[in-house]
Amino acid sequence: MGQLVASKPTSQMVHGEVSDEVTQYLTFSVADERLAMSINAVKEIIETPQVTRVPMTPDYIRGVINLRGSVVPVIDLGARLGRGSLVLTKRSCIVLVEVQVGDDSHVLGMLVDEVKNILDIPPEDVKLPPEFGSEIRTDFIEAMGRVDDVFVIILSVDHVLSVQELAALRHFTEDTTLSNSSE
Amino acid sequence: MTTNNAQLVFLQVFLEEVAEVLQSVETALLALEKNQFEDESLNAVFRAMHTIKGAAAAFGYTPVVNFTHRVETLMDAVRSGQMVLTPALIKTLFECCDHIAHMIEVITDDDALLNTDLQHTGEILLARLYSASPIPTNDQNAIQPLIESPPIYTRYLDLLALPVHEQVDCFGDLLVSIGALTPAELAQAVQTQRNSLATRTTDCAISTQQLGEIRVEPSSVKANVLENTMKTQENVRAKRQEETRVIRVDAQRLGHLIDLVGELVTSSAAIRVMVKRAGIDNMTEVVDGVDYLVSEIRDNALQLRMVAIGESLSRFRRVVRDVSQELGKSIELIITGGETELDKTVVEKITDPLTHLIRNAVDHGIEMPAIRQAAGKLTTGTIHLNAYHDSGHIVIEINDDGAGLDAALIRAKAELKGLIKPEDVLTHEEILRLIFAPGLSTKDQATNLSGRGVGMDVVRRNIEALRGTVELESQFGIGTKITIILPLTLAIIEGFLVGAGRDQYVIPLSQVAECVEMNVNETRKHRGEHYINLRGEVLPFIRLTDLFENADSTRTANQRESLVVVRFGHHKMGLVVDTLLGELQTVIKPLGKLFERLRGVAGATILGTGDIALILDVAELATISHSNVVIKNSS
Numbered sequence: 000m001g002q003l004v005a006s007k008p009t010s011q012m013v014h015g016e017v018s019d020e021v022t023q024y025l026t027f028s029v030a031d032e033r034l035a036m037s038i039n040a041v042k043e044i045i046e047t048p049q050v051t052r053v054p055m056t057p058d059y060i061r062g063v064i065n066l067r068g069s070v071v072p073v074i075d076l077g078a079r080l081g082r083g084s085l086v087l088t089k090r091s092c093i094v095l096v097e098v099q100v101g102d103d104s105h106v107l108g109m110l111v112d113e114v115k116n117i118l119d120i121p122p123e124d125v126k127l128p129p130e131f132g133s134e135i136r137t138d139f140i141e142a143m144g145r146v147d148d149v150f151v152i153i154l155s156v157d158h159v160l161s162v163q164e165l166a167a168l169r170h171f172t173e174d175t176t177l178s179n180s181s182e
Numbered sequence: 000m001t002t003n004n005a006q007l008v009f010l011q012v013f014l015e016e017v018a019e020v021l022q023s024v025e026t027a028l029l030a031l032e033k034n035q036f037e038d039e040s041l042n043a044v045f046r047a048m049h050t051i052k053g054a055a056a057a058f059g060y061t062p063v064v065n066f067t068h069r070v071e072t073l074m075d076a077v078r079s080g081q082m083v084l085t086p087a088l089i090k091t092l093f094e095c096c097d098h099i100a101h102m103i104e105v106i107t108d109d110d111a112l113l114n115t116d117l118q119h120t121g122e123i124l125l126a127r128l129y130s131a132s133p134i135p136t137n138d139q140n141a142i143q144p145l146i147e148s149p150p151i152y153t154r155y156l157d158l159l160a161l162p163v164h165e166q167v168d169c170f171g172d173l174l175v176s177i178g179a180l181t182p183a184e185l186a187q188a189v190q191t192q193r194n195s196l197a198t199r200t201t202d203c204a205i206s207t208q209q210l211g212e213i214r215v216e217p218s219s220v221k222a223n224v225l226e227n228t229m230k231t232q233e234n235v236r237a238k239r240q241e242e243t244r245v246i247r248v249d250a251q252r253l254g255h256l257i258d259l260v261g262e263l264v265t266s267s268a269a270i271r272v273m274v275k276r277a278g279i280d281n282m283t284e285v286v287d288g289v290d291y292l293v294s295e296i297r298d299n300a301l302q303l304r305m306v307a308i309g310e311s312l313s314r315f316r317r318v319v320r321d322v323s324q325e326l327g328k329s330i331e332l333i334i335t336g337g338e339t340e341l342d343k344t345v346v347e348k349i350t351d352p353l354t355h356l357i358r359n360a361v362d363h364g365i366e367m368p369a370i371r372q373a374a375g376k377l378t379t380g381t382i383h384l385n386a387y388h389d390s391g392h393i394v395i396e397i398n399d400d401g402a403g404l405d406a407a408l409i410r411a412k413a414e415l416k417g418l419i420k421p422e423d424v425l426t427h428e429e430i431l432r433l434i435f436a437p438g439l440s441t442k443d444q445a446t447n448l449s450g451r452g453v454g455m456d457v458v459r460r461n462i463e464a465l466r467g468t469v470e471l472e473s474q475f476g477i478g479t480k481i482t483i484i485l486p487l488t489l490a491i492i493e494g495f496l497v498g499a500g501r502d503q504y505v506i507p508l509s510q511v512a513e514c515v516e517m518n519v520n521e522t523r524k525h526r527g528e529h530y531i532n533l534r535g536e537v538l539p540f541i542r543l544t545d546l547f548e549n550a551d552s553t554r555t556a557n558q559r560e561s562l563v564v565v566r567f568g569h570h571k572m573g574l575v576v577d578t579l580l581g582e583l584q585t586v587i588k589p590l591g592k593l594f595e596r597l598r599g600v601a602g603a604t605i606l607g608t609g610d611i612a613l614i615l616d617v618a619e620l621a622t623i624s625h626s627n628v629v630i631k632n633s634s
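Chains G and P, in that order, give the protein sequences. Just so we're aligned: 79 in numbering that gives the first Met the number 0 is position 80 of the first sequence, and the numbers increase by one with no gaps anywhere. Just so we're aligned: 43 in numbering that gives the first Met the number 0 is position 44 of the second sequence, and the numbers increase by one with no gaps anywhere.
If we strip away everything but chain G, and leave its shape as in the complex, we get (with noise of 0.2 Å):
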């Protein structure tokens, strides 16, 4: 490593910055599917409180919670992809995130089963999703990163947030009746 520092100065700086800005993942657990994001994005991870919630939305909407006086939003990440709602456990964990929404930007939260930990995935292990075979929706899918010889699923928060689809609400979806009975 030294000796292509010594070497290439220039593409080595280059790349320095890259990943002090990319390759911070945050990882954490939904249906017992490890997932990992940007960490860009993620404002504050805090345990979960008390949710309210809100009546003739989809299921992927947990509900709001009072975060600091303001009202935030909390989507269920499971349901949101298609694991069904979340059962709150001890380890349930909301990772509060920003959004932009035209020129303004909304805080979010994502309901998910526990945080594990932050990684380092250099660029060369972040490779291209794969058209098919994934069970998550493969535009939530921003990339794979390999984390010991395992492939990771990077979620596109900006997809699996994407307030214009969420704000979509389509009342009494048979998926209501399902997260009621979860709760």
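In case anyone wonders, no lab produced these hints; they're calculated from the structure. Keep in mind that the hints are not guaranteed to be accurate.
As the list claims (entries may be wrong) - Derived, one-sided and incomplete: chain G residues facing chain P with beta-carbon distance under 8 Å: (1) ALA30; (2) GLN49; (3) THR51; (4) ARG52; (5) VAL53; (6) PRO54; (7) VAL63; (8) LEU66; (9) VAL70; (10) PRO72; (11) VAL100; (12) SER104; (13) HIS105; (14) SER161; (15) LEU165; (16) ALA166.
Said to hold, decoys possible - The calculated label-pair distances, taken between Cβ atoms and stated as ranges, are: (17) G/ARG67 x P/GLU19: 36 to 46 Å; (18) G/PRO48 x P/THR344: 28 to 38 Å; (19) G/LYS126 x P/GLU15: 25 to 35 Å; (20) G/GLY101 x P/ALA100: 44 to 54 Å; (21) G/GLU32 x P/HIS427: 52 to 62 Å; (22) G/GLN163 x P/VAL306: 31 to 41 Å; (23) G/GLY101 x P/ALA373: 16 to 26 Å; (24) G/ASP102 x P/ALA100: 43 to 53 Å; (25) P/ASP545 x G/GLN99: 56 to 66 Å; (26) G/GLN99 x P/VAL289: 56 to 66 Å; (27) G/ASP31 x P/SER633: 40 to 50 Å; (28) P/ILE477 x G/PRO48: 53 to 63 Å.
What the hints assert, rightly or not - Straight-line alpha carbon distances no greater than 20 Å define the calculated DMTMM-like cross-link-like pairs of lysine to aspartate or glutamate that follow: (29) P/LYS592 x G/GLU113; (30) P/LYS592 x G/ASP157; (31) P/LYS592 x G/GLU164; (32) P/LYS592 x G/ASP103.
C-beta: ideal position from N, C-alpha, C; glycine also.
We have chain G already, so just place chain P on it with the hints.
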């Protein structure tokens, strides 16, 4: 002039002031149309032109100064009886108003201001103003793009009447420009003034006075002229002081204040909960005191954002006047309830739909005088605008005694458009509501229905975007009444907390009529909808746990329920809840973009315990419940 921040702020104030002054000119002109000799209105127009001229001069907007000056001179002639105010002249004055507004609009763009088109329009207007007038000749040849010199003496007075402190510098310059002083004399005077005033005071009156006094010594300005100017200055200053009782505040700052007050309300509720929990008895009194103060502060803070609707309603006088004159109709606009207050943001957003509705009433509602006479009506049609508060909402009614809506024609047209089938059975109201359907709004000039539908869907959407409703009553040949019901959309409301299933909800207290114990024996179900016999009255009701599908499984079937009777518009409905938890002050927190398409919930609020309760929109709940029933019935 250099552009800097301070100037931008002044410019903003200037623009607002001019807009306001123009509004007052319109009001005065409308009054003059009725009685052309009304002195107060004549003076108002004169003063307004003067004010705009003065303010524009302070910013160096010469074209505006020139134009307003000419109008002012004309008004002066009218005032002194040299000229007669003809209807044609009033009409031109209206156009002058528009022209000034137009000039002000483009004022920040220097090129546009010098735009020859604009100047040309101005000159045409001026030519028309002066064509019929025996105005002193020295004014008539003064159509020049520079500050001209009509009676020097009045110019001088005018100048001194400008009490803006930025004017101090201009003051001297203008004295020179009107020839009262030479540049050398001015330089000397300014120097003397500077020497005598160690620090330059911001009070323009003092400094200008100084300048005036200094001038007396070398006696190049006549003393009596100065005396007069002083007097004018005093008067204007007195007027200014009166005006300063109103303070302009940045809306954003006000919004921030209201947000903070909202937090204070929540915190105070939290303290109450804590004290109750800790069981500290002698704290209760203090908490009560704080609560009282907080609610007072809240009421006052909210009051700051409330404006009377009258000002925005009276601008429709101009709309009615213009459109009716154009069409050759005789229409009287009556405005009542102008003192009704509502949130400024709502006022701004309601103007467009209202304009549309009023144009419709003038254009398509009120008939031509001849037709009215033939129908045995007064030749002058009446449009009545009325505003009032009703259970936490503001109601705006537009009532015209025109032709009304032809239900048969609407129906025929809707069938033609495929909106309804010929075999559909519709009530009179349902047929009338069809004009709000987007499909029906295509123009078809052949019928008197046309236009009535144009843009009505837009009006409805605008009003619904404010979470309001619009209702329509009309009788063919007799008239039309449109009722708009809007929430006051305040940041904080009095709420009534109820428990249903596992959740708690807030119902706006203003909509709660009464709470009674639910008596299941008195209920009936008809075509999927539930009704209860409430002291002989048939009341539809909704069970919240059914609608929200959040029934608490631990609850036993024979537990008592309560019926909350709510009012909205002209309707009444019952909401069946599990528990009544009492009144509270609630700060409305918006649910944000994610929930913007969610109906039935107006927002959320944070309770003293830190939990969130949703605020229900009663009228929307009724609609949702009704449409669910319709879906179930049809499937």
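Do the hints match the structure? See the list:
1. ALA30: Violated, about 23 Å.
2. GLN49: Hint holds; G/GLN49 Cβ to chain P Cβ min 6 Å, cut 8 Å.
3. THR51: Check passed: Cβ of G/THR51 comes within 4 Å of chain P, closer than 8 Å.
4. ARG52: 6 Å, holds
5. VAL53: 7 Å, holds
6. PRO54: Nearest chain P Cβ about 4 Å off; hint holds.
7. VAL63: 5 Å, holds
8. LEU66: 10 Å, violated
9. VAL70: 4 Å, holds
10. PRO72: 5 Å, holds
11. VAL100: 6 Å, holds
12. SER104: 11 Å, violated
13. HIS105: 6 Å, holds
14. SER161: With a closest approach of 10 Å, the G/SER161 hint is violated.
15. LEU165: G/LEU165 check passes; min Cβ-Cβ to chain P is 6 Å, inside 8 Å.
16. ALA166: 5 Å, holds
17. G/ARG67 x P/GLU19: 36 to 46 Å: 41 Å, holds
18. G/PRO48 x P/THR344: 28 to 38 Å: 32 Å, holds
19. G/LYS126 x P/GLU15: 25 to 35 Å: 59 Å, violated
20. G/GLY101 x P/ALA100: 44 to 54 Å: 32 Å, violated
21. G/GLU32 x P/HIS427: 52 to 62 Å: With Cβ atoms ~60 Å apart, the hint holds.
22. G/GLN163 x P/VAL306: 31 to 41 Å: Since G/GLN163 and P/VAL306 have Cβ atoms about 35 Å apart, the given range 31 to 41 Å holds.
23. G/GLY101 x P/ALA373: 16 to 26 Å: 56 Å, violated
24. G/ASP102 x P/ALA100: 43 to 53 Å: For P/ALA100 against G/ASP102, whose Cβ atoms are near 30 Å apart, the range 43 to 53 Å is violated.
25. P/ASP545 x G/GLN99: 56 to 66 Å: 38 Å Cβ-Cβ, so the 56 to 66 Å window is violated.
26. G/GLN99 x P/VAL289: 56 to 66 Å: Given about 40 Å between the Cβ atoms, the range is violated.
27. G/ASP31 x P/SER633: 40 to 50 Å: Hint holds: Cβ distance 43 Å, inside 40 to 50 Å.
28. P/ILE477 x G/PRO48: 53 to 63 Å: Between P/ILE477 and G/PRO48, where Cβ atoms are some 59 Å apart, the hint holds.
29. P/LYS592 x G/GLU113: Judged against 20 Å, a Cα distance of about 27 Å means the pair is violated.
30. P/LYS592 x G/ASP157: Status holds; Cα separation ~15 Å.
31. P/LYS592 x G/GLU164: 11 Å, holds
32. P/LYS592 x G/ASP103: It holds: about 10 Å lies between the C-alpha atoms, which stays within 20 Å.
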